[in-house]
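Protein chains in written order, with our numbering: chain A, 1 to 331; chain B, 332 to 662.
Hints are computed from structural coordinates only; laboratory data are not their basis.
Keep in mind the model is a prediction, meaning the values are calculated, not measured.
Each hint should be verified, as a subset may be incorrect.
Said to hold, decoys possible - Subject to a maximum C-alpha distance of 20 Å in a straight line, what follows is the list of computed EDC-like cross-link-like pairs (lysine to aspartate or glutamate): (1) K610/B / D317/A; (2) K587/B / D267/A; (3) K651/B / E207/A; (4) K320/A / E444/B; (5) K320/A / D598/B.
To be verified - Covered, in the sense of this in silico footprint (three residues per stretch, anywhere, with C-beta under 8 Å from a C-beta of chain B), are these stretches of chain A: (6) 124–130; (7) 204–218; (8) 231–238; (9) 241–249; (10) 307–316.
Stated by the list, open to error - Covered stretches of chain A, as calculated for chain B (at least 3 residues, CB under 8 Å): (11) 22–28; (12) 255–268.
For every residue, glycine included, the Cβ atom is placed at its ideal position computed from N, Cα and C.
Below are the chains, spelled out letter by letter.
2 protein chains.
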Amino acid sequence: MSRHHADAMPHVNTDRLWQWHMRMARFGVTGRGGVNRPALSTDDIELHKQIALWARERKFDVEIDDYGNQFMRRPGTDENCKPLVSGSHSDSQPTGGRFDGISGVLAALEAVEVMEEAKIRTRHPLEIVIWNNEEGVRFRPTQMGSAVYAGHARLGPLQAAVDPQGVSLETEVGRLRRAVDFASERSLGKPFAGYLELHIEQGPILEEEQIDIGIVTSIQGTRKFEVQILGEAAHAGTTPSRNRRDALVDAVNVVKALQILFYDPLDLVRFTIGQFEVKPGALAVVPDNVFFTIDFRHHEDAVLKSLGDQVKAVCEDAAKRCNVGVTETRN
Amino acid sequence: MSRHHADAMPHVNTDRLWQWHMRMARFGVTGRGGVNRPALSTDDIELHKQIALWARERKFDVEIDDYGNQFMRRPGTDENCKPLVSGSHSDSQPTGGRFDGISGVLAALEAVEVMEEAKIRTRHPLEIVIWNNEEGVRFRPTQMGSAVYAGHARLGPLQAAVDPQGVSLETEVGRLRRAVDFASERSLGKPFAGYLELHIEQGPILEEEQIDIGIVTSIQGTRKFEVQILGEAAHAGTTPSRNRRDALVDAVNVVKALQILFYDPLDLVRFTIGQFEVKPGALAVVPDNVFFTIDFRHHEDAVLKSLGDQVKAVCEDAAKRCNVGVTETRN
Numbered sequence: 001m002s003r004h005h006a007d008a009m010p011h012v013n014t015d016r017l018w019q020w021h022m023r024m025a026r027f028g029v030t031g032r033g034g035v036n037r038p039a040l041s042t043d044d045i046e047l048h049k050q051i052a053l054w055a056r057e058r059k060f061d062v063e064i065d066d067y068g069n070q071f072m073r074r075p076g077t078d079e080n081c082k083p084l085v086s087g088s089h090s091d092s093q094p095t096g097g098r099f100d101g102i103s104g105v106l107a108a109l110e111a112v113e114v115m116e117e118a119k120i121r122t123r124h125p126l127e128i129v130i131w132n133n134e135e136g137v138r139f140r141p142t143q144m145g146s147a148v149y150a151g152h153a154r155l156g157p158l159q160a161a162v163d164p165q166g167v168s169l170e171t172e173v174g175r176l177r178r179a180v181d182f183a184s185e186r187s188l189g190k191p192f193a194g195y196l197e198l199h200i201e202q203g204p205i206l207e208e209e210q211i212d213i214g215i216v217t218s219i220q221g222t223r224k225f226e227v228q229i230l231g232e233a234a235h236a237g238t239t240p241s242r243n244r245r246d247a248l249v250d251a252v253n254v255v256k257a258l259q260i261l262f263y264d265p266l267d268l269v270r271f272t273i274g275q276f277e278v279k280p281g282a283l284a285v286v287p288d289n290v291f292f293t294i295d296f297r298h299h300e301d302a303v304l305k306s307l308g309d310q311v312k313a314v315c316e317d318a319a320k321r322c323n324v325g326v327t328e329t330r331n
Numbered sequence: 332m333s334r335h336h337a338d339a340m341p342h343v344n345t346d347r348l349w350q351w352h353m354r355m356a357r358f359g360v361t362g363r364g365g366v367n368r369p370a371l372s373t374d375d376i377e378l379h380k381q382i383a384l385w386a387r388e389r390k391f392d393v394e395i396d397d398y399g400n401q402f403m404r405r406p407g408t409d410e411n412c413k414p415l416v417s418g419s420h421s422d423s424q425p426t427g428g429r430f431d432g433i434s435g436v437l438a439a440l441e442a443v444e445v446m447e448e449a450k451i452r453t454r455h456p457l458e459i460v461i462w463n464n465e466e467g468v469r470f471r472p473t474q475m476g477s478a479v480y481a482g483h484a485r486l487g488p489l490q491a492a493v494d495p496q497g498v499s500l501e502t503e504v505g506r507l508r509r510a511v512d513f514a515s516e517r518s519l520g521k522p523f524a525g526y527l528e529l530h531i532e533q534g535p536i537l538e539e540e541q542i543d544i545g546i547v548t549s550i551q552g553t554r555k556f557e558v559q560i561l562g563e564a565a566h567a568g569t570t571p572s573r574n575r576r577d578a579l580v581d582a583v584n585v586v587k588a589l590q591i592l593f594y595d596p597l598d599l600v601r602f603t604i605g606q607f608e609v610k611p612g613a614l615a616v617v618p619d620n621v622f623f624t625i626d627f628r629h630h631e632d633a634v635l636k637s638l639g640d641q642v643k644a645v646c647e648d649a650a651k652r653c654n655v656g657v658t659e660t661r662n
């Protein structure tokens, strides 16, 4: 490609894209520079409305489905073609970063804006999507909007999802529809020709290696376990080691054995013990009860299966004197 | 000793002693067969009164000192001699066994009772003592009555000790004096000719070896430490091992290193981690904070010193990526 040709190509307007980021970061802004933007909170609905208004100004259709996913559609030259879709989520964790999720929505917005300016027509319609409740903080499960859209039948009905205050997702989707009253109804599962999503890096690797962008080649699968170790409480001053059934001593051995099981020289296995509770938790009492969780992730199903399936036996073998129970959990 | 001679000797009346135990177990009885008898609670004062009444019936002097220690004195033939004293405590832990402490008081009572019956006179006066607040549950510190009596100057004034409800020891000693209004004032630290105490075994060894009685040859000393491990919270799904400063991973290494330090093939070292807290304690968050306690006991000062003095360095060496703080604590 000649230099002349490259200059003639339409370019992303980085200033405009940055301004959009700063503008969106006001919805649910916290004192610490990030955002707290629960799915379909007033802040999140206002954000949806802003983007819907942007689309309406460009005469794009705005559509909202029963789970609160919002689509902005730029027509193609052949309306029989399925849309090419890009976007992400707008809800956040309680201590979310200001670019998380929304960057993917804004990248799609900017890409379409550049085409608008350059008067580029595409054969396929282009759609920008805001998936609802990706973080799963306000409603369970996580990734609800996209999962339902993709047809995961195991997800419960709309009515079942309520937030911790008892407000249903249905109620909040109604509120979104009233705020964006020019949006039409979207049917769930309407097929795509393709989907692309930009997302801020969730880990430290690219930043560490000073690489601007990476291509996602796989998504991590997760298995979760709860481990319960039951021993016997005893007096710290009088009970000899040989008489103890110390749940913490056994738990430490179990953790060590799990560290060996999950050790990965390639450093791709994610193995985390995040919750670890010791009872009764008194200075001079030998603990009789340790509960801990295992969060294990890997991008290959075979690894998830082979390592995950060994957890129970490894825990049981490593405990010397206590009883060990291992349960695999969902969510 | 001939059989004839042995039969002629006065014997402890085991039925009577058992009945006394059962009677005393009613003061503060819990539903689970044990007792909950805080120092100078109404139950404990009633118990003191029962024993004081027993002494008064036998025309023994009853004396109470400023810390609530109660003495029952059987005169000797030479009142210039210092008393030979035996007894124990009557207060209990919230889930105390019914023989803990009180057995030592009742053993002394029974011994004196046998002498009374056999009309045996002794040159030295014999005293039965109930030490106040041995367990330290209601008032701090533990073993307060005996420690003050023995002249440990480091203990604070009477007025400073209050229970969790704000009731002072002084108030409760006043209540004891009113309940036992025939008791006279005892001066603190009045010297003994000798002291003997029977106590129920606090550990499992004699019972395990089916031995009825053992002689105490030493008392355990204690050192206590608090260990704080500070890492960095991170996302369980995205943070590679090499980037983690996982406080639980380091804590497990520290515990392992401490287990090696305190390992004792003779099984005389008592090393207990009773309290162990992991924060933030969420399934998918790498912990950034572990706090744990060390309770270390041994009967030899030299061992207490040499092992205890190594705790800090061992903890610091074992932690790989986190910051470790070790503090020695009192109480």
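How the hints compare with the structure:
Between K610/B and D317/A the CA atoms are separated by roughly 27 Å; this puts the pair beyond 20 Å, and the hint is violated. Note on K587/B and D267/A: the hinted pairing is violated, with a Cα-Cα distance of about 24 Å set against a maximum of 20 Å. For the proposed pair K651/B and E207/A, the alpha carbon gap of about 24 Å is over 20 Å, so the pair is violated. Distance hint between K320/A and E444/B is unfulfilled; the C-alpha atoms sit about 51 Å from each other, more than 20 Å.
Taking the CA atoms of K320/A and D598/B, the gap is near 17 Å; set against the 20 Å cutoff, the hint holds. With 0 residues carrying a beta carbon less than 8 Å from a beta carbon of chain B, the stretch 124–130 of chain A misses the three-residue requirement, and the given coverage is violated. Coverage of the stretch 204–218 of chain A by chain B holds in this model, with 3 residues showing a Cβ closer than 8 Å to a Cβ of that chain against a need of three. With 4 residues carrying a beta carbon less than 8 Å from a beta carbon of chain B, the stretch 231–238 of chain A meets the three-residue requirement, and the given coverage holds.
Counting residues of the stretch 241–249 of chain A whose beta carbon lies closer than 8 Å to any beta carbon of chain B gives 6, which reaches the threshold of three, so the coverage claim holds. Restraint check on the stretch 307–316 of chain A versus chain B: 0 residues with Cβ-Cβ distances below 8 Å, three needed, restraint violated. Against chain B, the stretch 22–28 of chain A contributes 0 residues with a C-beta closer than 8 Å to a partner C-beta. That does not satisfy the three-residue criterion, and the hint is violated. A stretch counts as covered by a chain when three or more of its residues have a beta carbon under 8 Å from one of that chain; for the stretch 255–268 of chain A and chain B the count is 6, and the coverage holds.
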